[in-house]
Structure formats: C-alpha cells, structure tokens
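2 protein chains.
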Amino acid sequence: MNFKRKGIMLVIASPSGAGKTSITRNLLKSDNNLTMSISLTTRKMRKGEIDGKDYHFKTIDEFNEMREKDELLEWAKVHDNYYATPKAQVDEMIKNGKDVVFDIDYQGTQQLYEQRRADMVSVFILPPSISELAARLKGRALDSEDVIARRLKNAKIEIDHWAEYDFVLINDKLEEAIDEVKVILKATRLARVRQLELSSFVKDLQSQIDRL
Amino acid sequence: MNFKRKGIMLVIASPSGAGKTSITRNLLKSDNNLTMSISLTTRKMRKGEIDGKDYHFKTIDEFNEMREKDELLEWAKVHDNYYATPKAQVDEMIKNGKDVVFDIDYQGTQQLYEQRRADMVSVFILPPSISELAARLKGRALDSEDVIARRLKNAKIEIDHWAEYDFVLINDKLEEAIDEVKVILKATRLARVRQLELSSFVKDLQSQIDRL
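Heads up: the protein sequence lines correspond to chains L and Z, in order.
Per my numbering, the first sequence runs over residues 3 to 214.
Per my numbering, the second sequence runs over residues 3 to 214.
What the hints contain is simulated information worked out from the structure, not anything from laboratory work.
Honestly, I wouldn't trust all of these hints.
For identical chains, the list gives no copy identity; a pair is met inside one copy or between any two copies.
[What the hints assert, rightly or not] Cut-off 30 Å, straight-line C-alpha distance, at most; resulting in silico cross-link-like pairs (BS3-like, lysine-lysine):
| hint | residue 1 | residue 2 |
| --- | --- | --- |
| 1 | K79 | K205 |
| 2 | K100 | K175 |
| 3 | K184 | K8 |
| 4 | K184 | K205 |
Keep in mind the model is a prediction, meaning the values are calculated, not measured.
Chain L with its partners taken away, still in its complex shape (with noise of 0.2 Å):
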C-alpha cells in the first residue's frame, strides 16, 4: 500500500576516486523517483555546459544576494569560485515526495544537517585501500601526477569525517556498493516518519473497530 511519502535527501560523499559518481549514476538511472541537486556556482560556464543541467550559473552578486538572504542550504568557495545548493528547489521536491541526491563534500554536509537532518540519510564511500585508490584515480586519467598526488591527500582529510556518516560503505566491488546504497534508500523510504498519511489511515481503522 502506498502513502503519500516526504522526499528524502540522500548525500553520497566520498574521496575523490572511491566511487560516489559511478554509484550516483546508476542509482539515477535505475531509479525513477531520484532526481540530482543542481548546484549552482559563479564560476564560467564550460563548454557543452548547460545553465540549469549542469548548474545554475549566477553572478557573484546573484549568489552573495542569495545567501543574505538565507535561500542557500550549503554553499563553499573553491578555487575563487562559490558553489552551492538553492533552498527552493530541493524544498519543493521533497515536499513532493521527490528524493534528490547530493554531491557534497563533508563541509556541504555539515551544514545540510543543521537545516534538514530529519529529511536526511548520509552515506560515505570507503576505498578498499589506498593503493587501489591511487589506481583508480591513475587509471580514469583525467588528472596529472600532481593532481592526483594533491587529490589523495585530500582524501585523508575527506575519510577523517567517516564517522558523521549514517552508512558507511567499503567499495570493494562496485556492484555491491550499488546494491547496498539502494537498500538503505529503499528502507528510508519505508520509515514510519515519512509515511505523512500513516496517522490518518490508523485513524481511520480504529474508527472501524469501533463500528464493529
């Protein structure tokens, strides 16, 4: 039986090379009902980027008005560039019982528990090991030695906040890394605290033992 449901916000974080974007992808692809938060950020659109797909690309104006006046859930400056998550349109997802998914680091998810913990469920990706991390990031190709020599000590201070984490994954292989990201949102879904017409339906049938 299905209730009219809250969204839920679902963070994957992880170091750079353990596998969030892979899981993430498959999890949109094969979920109907999960939608990507689009960032938005001031820095220049790229090419082939889209305004409203990739990011909402705004002025630095445009985004210091927005975080006076309080329409950011998370923001972070990187690289001389600010990044961060509009309010409205994750509100109104949830509120539809749409669940978004979040790429943020542990900073983005910080401040997304000070303002909507109870719609929340946070997983953190684990390399198997650092060796194999240092393969991944080497094997995908994108970065040079520096990069990525920069991109593992990152990770150290990245793993360090493992334990503000509601799930805690070790991606061994793939596959099960998938598998158990969609079984914990398949069970928060199933929470009673979302359920929103589940007090209504109780009521109802206790109203029916007392016509018996």
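Given the coordinates of chain L, work out where chain Z should sit on it, guided by the hints.
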C-alpha cells in the same frame, strides 16, 4: 567487505492476525543470521512443547529471583502467567553479531527501548482494513467467535501505539511485507554504528596515506 558487526534486536509487532507470525517465520527460514528470542514463562508446559525451544519454563520463584536480580529485559503478566525475555541470552547473541527477532507487544517494546534502544529496530505491521483482519482471524479457525471479538478490541489498543515504531508497514500483500522487512533488516545491518571495526579500518587507510 565484511566487518565484525554488532547484532540487531528486531522487534516485529502487530495486532493479532495482521501477519506478524507469517513474516517472522519466513524471515527465520530465509536468514541464517537471525534467531528467535526465546521467552521464559511461568505457565505450565503444554503437550508437544520443548523446554528451551518453545519457552524456558520457570517456576514463579525462579521468575521472581531473575526479576529482582535485574536479569530480564522485559516482562509481562498475561492471564495469571508471567512471560519475560532473559537478558543474558540476548546480550550474548548481540555481542556475537547474531540478530534476534522479538515477538512482543507494545509494552514489551517500551521496556526494551528503555534498556537497549541503540541496538533495536522496530517494525509495526498493520492490516489493510479491519474487515480483512477479522477475515484472517476467522480464516485461521484457531479461536471462537468470542475470542475473535476480544482480539479485535485488543487490536485497537495495540494499534494505538503505531507511532512508537521505527517502521510501520501495511500487510496488504504478504510477499511485499516480507520483502520490506528484509530490506529494513539489511539496511539496519549496514548502519555505521553497527560496524565495530570501521574505526580501525579508517585509521589504517589514513596511515597508508601518510606513508605515500
């Protein structure tokens, strides 16, 4: 990757006839890591019952002694007989990563919450309607009309406590309800708080980074 894990205390509660027993039996059959909690009782052993399998049969003096020594997780008096859950057997299983399922009512659940909330996940099963509940009680032909009428009245009291459970499922189709409880158990097993060796695994990952 599998870590040493703390066991889960899984409470499945429902009004009589809503399907708790079918769901629990199916879970126990399909899941090797799950064991039924064996209650102790002061009532007389019935024909065919086995001490230590169906119940731990105790005298009233033995029960009183255990209660005074705080050796019980919960207890209740039903029709002049006492029923209780011995603490030691449950704690031993949880410590060894075994999951234990409890067939107790809302009062038993409340007593368990007081002592072991962090180890518990609780599921309440509702019938799709009271006419369906009545039909199931009549269909199993275990009880007289009078007893069925009393069970339906008791259902109201039990249902009143739905909001004290982590998950509330409507048992509309038994197979679906079974799958849902399996998903809940699977996700609960993945929770960070139950993975006892994560902390040392993470420390090891970080020292691998330091050695780079």
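Status of the hints after comparison with the structure:
1. K79 x K205: For K79 and K205, the Cα distance is within 30 Å only across copies (28 Å; inside one copy 49 Å).
2. K100 x K175: both (28 Å within a copy, 25 Å between copies)
3. K184 x K8: The answer is both: 18 Å in one copy and 22 Å across copies each meet 30 Å.
4. K184 x K205: Close across copies (27 Å), not inside one copy (32 Å); limit 30 Å.
Consistency with the previously given hints is maintained throughout, with no hint failing.
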